[in-house]
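S.K.: Below are the chains, spelled out letter by letter.
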Amino acid sequence: MPATDRSSPQMVLTEDQAFDLLAFLFSAAEISLVEPTYYGTFRLVDAASRLMGFMLEHDPERSREFLHRFKEEVDTKKVWMMWDREAYYDFLRAAPAIVAAELKRLDEEAALESEATTP
Amino acid sequence: MNGSLAQLSPEQLLALLKSRRVCRSFTADPVSDEQLRLMTEAARWATSAGNRHVHKFLIVRDPEVIHRVRAVSPGMLTAPPALIAILTDLDKAERESLQMEHDHANWMDVGTAAMNMMNMAHALGLGSCPVTSFSRSGAAVMLGLPPHLTPEWLLIVGHPAPVPPPRRLSVNAPKPVTARDLTWWEQPGRHDP
Chain A
8 MPATDRSSPQ MVLTEDQAFD LLAFLFSAAE ISLVEPTYYG TFRLVDAASR
58 LMGFMLEHDP ERSREFLHRF KEEVDTKKVW MMWDREAYYD FLRAAPAIVA
108 AELKRLDEEA ALESEATTP
Chain B
43 MNGSLAQLSP EQLLALLKSR RVCRSFTADP VSDEQLRLMT EAARWATSAG
93 NRHVHKFLIV RDPEVIHRVR AVSPGMLTAP PALIAILTDL DKAERESLQM
143 EHDHANWMDV GTAAMNMMNM AHALGLGSCP VTSFSRSGAA VMLGLPPHLT
193 PEWLLIVGHP APVPPPRRLS VNAPKPVTAR DLTWWEQPGR HDP
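Here the protein sequences come in this chain order: A and B. For the first sequence, this note's numbering gives the first residue as 8, with consecutive numbering after it. For the second sequence, this note's numbering gives the first residue as 43, with consecutive numbering after it.
None of these hints come from the bench; they were simulated from the model. Please note: incorrect hints may appear among the correct ones.
[Stated by the list, open to error] No more than 27 Å apart at the CA atoms, straight line, and that leaves these computed lysine-lysine pairs for DSS-like:
(1) A:K78 with A:K111
(2) B:K60 with A:K84
(3) B:K217 with A:K84
(4) B:K98 with B:K217
(5) A:K84 with A:K111
(6) B:K134 with B:K98
[Stated by the list, open to error] Anything over 10 Å on all C-beta distances counts as not near chain B; from chain A, calculated:
(7) L63
(8) F73
(9) K111
(10) A117
Note that this is a predicted model, so its numbers are computed, not measured. Just so it is clear, CB atoms sit at the ideal spot from N, CA and C, and this is done for glycine as well.
Work the whole structure out from these sequences, hints included.
M.R.: Shown next, in the form of structure tokens:
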């Protein structure tokens, strides 16, 4: 199903939140020129955490519980990069599947809702 | 050694140094003028190559400014109640005939001032965290710096939040480094006298 077809509630960043994220991403890109290469993964994960924080400020009904739980997990595990890199890498390998499963759940929920409202 | 120094034994000093940890989570309690003055006083007494003192310490407590600085500081994982930016005064450096691109002493002076501030923060019961991962150009804008002042290093400081949950260590995680690991006697590789 194309993403544009899915009945997803509109949830946008405020201008201030979007600029915060832009400033963070461009700053992370700049300092990636001089930092150890694996720090780049950390910056991406941290940006994802910040994005989840902004999403939670909109209190999204369908994904609130997931976002709250997963952001907490991300914030706990991202800092493993500094003292237990292998455990951190294991988390990086696991994280996409966690997000994918939630996305799939949202898709299925939306499909069910769509069926229920179709005359 | 004067009287006041005699009251601090080497063991007490080492205990203070060993018990300091980087703090990445703070309460909302403010950091007082006096605490920040003591931290910059400690920084002033750090070693300074050639007694040049080309650095300035900019204290910031305005939450809006801190929020903006954090936006260009990926290494600042939390918004603190206060931050201290160590700046290089390029005008002063020029007057001192420093060759900034090649002068490593400049960086060492930043480090010694920073360490003194972190130890003073710890002695005051505060938590602190050094931030080196930030955009120099972005931070200069957010801090409203004139062109002759360049930010070298940020220290975030505040009252420590309750201790975070214990960290997980995998089976293959590296063991903590000891002083012996880092020390050689008389020749490289000899760890004992």
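S.K.: Determine for every hint whether it applies to the structure shown.
M.R.: Against the structure, the hints:
As the CA atoms of A:K78 and A:K111 are separated by approximately 18 Å, the hinted pair is consistent with the 27 Å bound. Distance restraint check for B:K60 and A:K84: the Cα-Cα separation of roughly 25 Å lies within the 27 Å cut-off, and the hinted pair is therefore satisfied. Using a Cα cut-off of 27 Å, the hinted pair B:K217 and A:K84 holds, with the two alpha carbons roughly 19 Å apart. Simply put, B:K98 and B:K217 have alpha-carbon atoms about 38 Å apart, too far for the 27 Å limit, and the pair is violated.
Pair hint A:K84 plus A:K111 holds up; C-alpha atoms about 24 Å apart against a cutoff of 27 Å. Restraint check for B:K134 and B:K98: the C-alpha separation of about 10 Å stays at or below 27 Å, so the hint holds. With a minimum CB-CB distance of about 16 Å to chain B, A:L63 clears the 10 Å threshold, and the non-interface call stands. Interface exclusion of A:F73 from chain B stands, the closest Cβ pair being 21 Å apart, more than 10 Å.
Separation of A:K111 from chain B is adequate, the least Cβ-Cβ distance of about 28 Å exceeding the 10 Å criterion. A:A117, annotated as away from the interface, keeps every beta carbon of chain B farther than 10 Å; the closest lies near 33 Å.
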